[in-house]
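Using the sequences plus the hints, can you model the full thing?
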Amino acid sequence: AGLTVALLVAFGVAGTRLALARVAAAVQGQKLAPI
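In this note's numbering, the protein residues as written are 5 to 39.
Check before you lean on any hint, since a few could be wrong.
If you anchor each label on the Cβ, the simulated ranges turn out as follows [stated by the list, open to error]:
id, residue 1, residue 2, range
1, Gly33, Ala5, 39 to 47 Å
2, Ala10, Val31, 27 to 35 Å
3, Gly33, Val13, 24 to 32 Å
4, Gly6, Lys35, 37 to 45 Å
5, Val27, Gly6, 25 to 33 Å
6, Gln32, Leu12, 28 to 36 Å
7, Val9, Ala29, 41 to 49 Å
8, Arg26, Gly6, 26 to 34 Å
9, Leu7, Val27, 25 to 33 Å
FYI, nobody ran anything at the bench for these hints, they're computed from the structure.
Model, not experiment: these values are computed from the prediction.
For glycine and all other residues, C-beta sits at the position ideal for the given N, C-alpha and C.
Listed below in structure tokens is the structure:
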């Protein structure tokens with residue numbers, strides 16, 4: 005059970021980092037080429 009929880013936490017952290025990276029990229033893209 006502990007391993008499953010650890011995997012879920014790891015995936016959650018990875019997902020959060022990816023989401024933040026996408027948001028940061030979108031913000032930078034808008035600054036470079038505002039719509």
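Cross-check of the supplied hints:
no.	hint	result
1	Gly33 / Ala5: 39 to 47 Å	holds (42 Å)
2	Ala10 / Val31: 27 to 35 Å	holds (32 Å)
3	Gly33 / Val13: 24 to 32 Å	holds (30 Å)
4	Gly6 / Lys35: 37 to 45 Å	holds (43 Å)
5	Val27 / Gly6: 25 to 33 Å	holds (32 Å)
6	Gln32 / Leu12: 28 to 36 Å	holds (30 Å)
7	Val9 / Ala29: 41 to 49 Å	violated (30 Å)
8	Arg26 / Gly6: 26 to 34 Å	holds (31 Å)
9	Leu7 / Val27: 25 to 33 Å	holds (31 Å)
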